[in-house]
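Put together the whole structure using the sequences plus the hints.
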Amino acid sequence: MEKRVFFRSNWLPWLLLAPQLAVVGIFFFWPAGQALVQSLQQQDAFGTSVTWVGLDNFKALWNDATYLASFQTTVIFSALVTVLGLSIALLLAVFADRVVKGATFYKTILILPYAVAPVVSGLLWAFMFSSSIGVVTYALHKIGFDWNHLLNSNHAMALVVMAAVWKQISYNFLFFLAGLNSIPKALIEAAAIDGARPWRRFWTIQLPLLAPTTFFLLVINMVYAFFDTFAIIDATTQGGPGKATSTLVYRVYFDGFRGMDFGGAAAQSVVLMVIVIALTVVQFRYVEKKVQYA
Amino acid sequence: MVERRTTLGILAHAIMIVGALIVAFPIYLAFVASTHTPQEIMQSPMPLWPGSNFWESYQTALRGSSSSLTSTPVARMIWVSFVITMIITIGKISISLLSAFAVVYFRFPLRQLCFWAIFITLMLPVEVRIGPTYQVVADLGMINSFAGLSVPLIASATATFLFRQFFLTVPDELVEAARVDGAGPMRFFIDILVPLSVTSIAALFVIQFIYGWNQYLWPLIAATSEDMYPIVVGIKQMIGTGESVSEWNVVMATAVLAMLPPALIVVLMQKWFVKGLVDTEK
Chain A
1 MEKRVFFRSN WLPWLLLAPQ LAVVGIFFFW PAGQALVQSL QQQDAFGTSV
51 TWVGLDNFKA LWNDATYLAS FQTTVIFSAL VTVLGLSIAL LLAVFADRVV
101 KGATFYKTIL ILPYAVAPVV SGLLWAFMFS SSIGVVTYAL HKIGFDWNHL
151 LNSNHAMALV VMAAVWKQIS YNFLFFLAGL NSIPKALIEA AAIDGARPWR
201 RFWTIQLPLL APTTFFLLVI NMVYAFFDTF AIIDATTQGG PGKATSTLVY
251 RVYFDGFRGM DFGGAAAQSV VLMVIVIALT VVQFRYVEKK VQYA
Chain B
1 MVERRTTLGI LAHAIMIVGA LIVAFPIYLA FVASTHTPQE IMQSPMPLWP
51 GSNFWESYQT ALRGSSSSLT STPVARMIWV SFVITMIITI GKISISLLSA
101 FAVVYFRFPL RQLCFWAIFI TLMLPVEVRI GPTYQVVADL GMINSFAGLS
151 VPLIASATAT FLFRQFFLTV PDELVEAARV DGAGPMRFFI DILVPLSVTS
201 IAALFVIQFI YGWNQYLWPL IAATSEDMYP IVVGIKQMIG TGESVSEWNV
251 VMATAVLAML PPALIVVLMQ KWFVKGLVDT EK
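Residue numbers (UniProt numbering), protein chains in the order written: chain A, 1 to 294; chain B, 1 to 282.
Check each hint, because a few of them may be wrong.
[Said to hold, decoys possible] As a list, the in silico DSBU-like pairs of lysine-lysine whose alpha-carbon atoms are at most 35 Å apart:
no.: 1; chain 1: A; residue 1: Lys185; chain 2: A; residue 2: Lys101
no.: 2; chain 1: A; residue 1: Lys185; chain 2: B; residue 2: Lys275
no.: 3; chain 1: B; residue 1: Lys271; chain 2: A; residue 2: Lys101
no.: 4; chain 1: A; residue 1: Lys3; chain 2: B; residue 2: Lys275
no.: 5; chain 1: A; residue 1: Lys3; chain 2: A; residue 2: Lys142
no.: 6; chain 1: B; residue 1: Lys275; chain 2: A; residue 2: Lys101
no.: 7; chain 1: A; residue 1: Lys59; chain 2: A; residue 2: Lys243
no.: 8; chain 1: B; residue 1: Lys271; chain 2: A; residue 2: Lys3
no.: 9; chain 1: A; residue 1: Lys185; chain 2: B; residue 2: Lys271
[Claimed, not checked] Away from chain A, derived, C-beta distances all over 12 Å, residues of chain B:
no.: 10; residue: Trp55
no.: 11; residue: Glu56
no.: 12; residue: Tyr58
no.: 13; residue: Gly64
no.: 14; residue: Leu97
no.: 15; residue: Leu196
no.: 16; residue: Ala202
Rather than coming from a laboratory, the hints here were simulated on the basis of the structure.
C-beta atoms are modelled at their ideal positions from N, C-alpha and C, and glycine is treated no differently.
Right under this line is the structure:
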């Protein structure tokens with residue numbers, strides 16, 4: 001879609017674009033380019049000399065068992081966060097759609113975690129599951145389950161997943177609810193007249209019609225699990241125990257800013273960029289398609 | 001509702017109540033902990049009802065305490081958060097309004113390229129270019145400054161996209177009418193386009209406020225001095241590496257203070273917040 005009517009000026013549009021382009025150029029393209037360049041270099045520990053090493057940094061990553069393990073950790077973590085986050089939110093949205101009395105109250109509570117910073121979310125969950133003072137740890141202990149996310153890597157993974165899902169439910173919930181609201185009531189009524197019970201109506205009408213929303217949320221949730229959970233991991237497990245909850249983004253920060261391995265961190269950044277670009281392309285191909293149908 | 005089914009209605013309420021309880025419990029617990037003394041929290045299990053230490057906890061937090069790992073008063077952290085959030089929010093909205101206006105209402109060479117250059121930044125979250133961005137900001141001498149903490153986060157592909165979409169729905173007749181009345185482009189922008197965009201601006205304000213307030217990784221590396229920590233970074237520094245904290249009541253009071261502004265915005269501006277989310281992301 002294009003405007004038929006527009007203004008004429010040779011300099012004004014550039015002036016208007018200048019602030020945005022300046023920020024984008026200085027803080028996005030320049031650093032992204034630097035990351036590409038640095039990924040092909042090796043800096044010594046004091047930052048005094050730089051040598052070109054070609055693809056050595058990438059080879060080193062490929063040969064680093066802990067990095068490959070971080071890949072696996074990220075995939076497991078993202079899959080759990082995405083599947084749990086989507087299914088719980090869908091369940092809540094389907095029932096919120098049925099509830100008439102008190103709907104606003106429930107919704108208000110359910111969207112609250114959206115406002116909570118990821119690091120605070122991590123802190124709250126770490127507090128509940130703390131081995132010394134956590135109330136949930138205490139309750140679990142009472143029923144004979146010993147929780148310790150500082151030692152047990154499965155517990156640590158469960159903790160970061162819970163904190164990440166808790167934070168993301170609001171977002172998914174709002175989109176599912178909007179999706180359910182946009183399904184024409186006539187469809188549901190027609191099915192009901194034909195004798196379809198609620199459970200069957202959900203499977204044959206609502207769920208298929210929610211597919212676009214679900215796909216969109218799938219991509220968004222994967223991006224969230226990849227990138228926005230850094231703070232949650234930093235506040236709960238700091239990637240531990242060992243490297244059990246160290247995702248790719250956590251590694252970039254850890255290797256680059258704690259380990260001072262700039263070349264390696266830059267190579268990791270490039271790997272991440274490729275992943276984001278792939279995810280974004282999938283998302284946009286799909287969004288383009290949907291715009292055509294609309 | 002298509003038909004009346006009491007069992008299903010009861011089930012729906014039951015699930016909503018369970019969901020709401022699980023979602024609210026961590027927040028409630030933080031509040032409860034903030035109203036007790038450290039000793040009361042340390043006993044296992046800690047009390048589940050509010051105690052009487054409310055004022056003391058919050059006063060200690062706001063003024064800063066000498067026995068925690070950071071001595072910066074939370075009042076200062078809130079101020080830092082507030083300034084950064086405002087620069088990010090207002091900055092994002094203004095530069096996006098201007099650039100969307102430029103790409104929609106003007107024809108100039110490289111127009112599409114400019115739009116895509118802005119759009120592609122969606123693919124470069126700060127997490128993936130963290131090291132080099134830090135170097136750029138350090139070279140510009142912006143570490144530990146309000147500008148350094150906020151300006152690198154100001155570019156916004158989503159806001160530009162949202163305003164572009166909205167401008168495209170504004171009828172062309174408005175531009176023609178403005179022209180007939182002798183208005184130039186800036187006059188049209190300020191007197192007609194911006195007032196028409198007020199709902200989009202409000203919606204974006206809510207989303208970006210929360211985004212700015214909750215920023216963690218960037219300030220964590222771009223603020224090296226404690227008095228430039230925003231509250232969400234400061235609270236993490238208070239607990240260090242976790243378990244060995246003496247003042248959980250102060251930490252939890254800080255957590256409540258950190259959650260309060262974005263939560264209030266979400267609750268009070270619910271309608272706009274939802275509109276902003278659904279419109280920006282789709």
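Comparing the hints with the structure gives:
Among the hinted pairs, A:Lys185 with A:Lys101 is consistent with the structure: their alpha-carbon atoms are about 19 Å apart, no more than 35 Å. A hinted pair counts as satisfied when its Cα atoms are at most 35 Å apart, and A:Lys185 with B:Lys275 qualifies at roughly 22 Å. This hinted pair checks out: B:Lys271 and A:Lys101 have alpha carbons roughly 19 Å apart, not beyond 35 Å. For the suggested pair A:Lys3 and B:Lys275, the alpha carbons sit about 25 Å apart, so the restraint of at most 35 Å is met.
For a cut-off of 35 Å, the pair hint linking A:Lys3 to A:Lys142 is broken: about 68 Å separates their Cα positions. Proposed proximity of B:Lys275 and A:Lys101 is supported: the alpha carbons are some 23 Å apart, at most 35 Å. Restraint check for A:Lys59 and A:Lys243: satisfied, since their Cα atoms lie roughly 21 Å apart, inside the 35 Å limit. For the given pair, B:Lys271 sits about 30 Å from A:Lys3 by alpha-carbon distance, which is consistent with the 35 Å threshold.
With a C-alpha separation of about 22 Å, the suggested pair A:Lys185 and B:Lys271 falls inside the 35 Å cut-off, and the hint holds. Every CB of chain A lies more than 12 Å from the CB of B:Trp55, the least distance being 21 Å, so the non-interface label holds. The beta carbon of B:Glu56 is kept farther than 12 Å from every beta carbon of chain A, the shortest such distance being approximately 19 Å. For B:Tyr58, the shortest C-beta to C-beta distance to chain A comes to about 16 Å, beyond the 12 Å cut-off, and the non-interface label holds.
At roughly 19 Å, the least C-beta separation between B:Gly64 and chain A is larger than 12 Å, which holds for a residue marked as non-interface. Not every Cβ of chain A is farther than 12 Å from the Cβ of B:Leu97; the closest lies at roughly 9 Å, contradicting the non-interface assignment. For B:Leu196, the condition that its CB be more than 12 Å from all CB atoms of chain A holds, with the nearest at approximately 15 Å. Separation of B:Ala202 from chain A is adequate, the least Cβ-Cβ distance of about 16 Å exceeding the 12 Å criterion.
Hints 5 and 14 from the earlier list are contradicted by this structure; the remaining hints agree with it.
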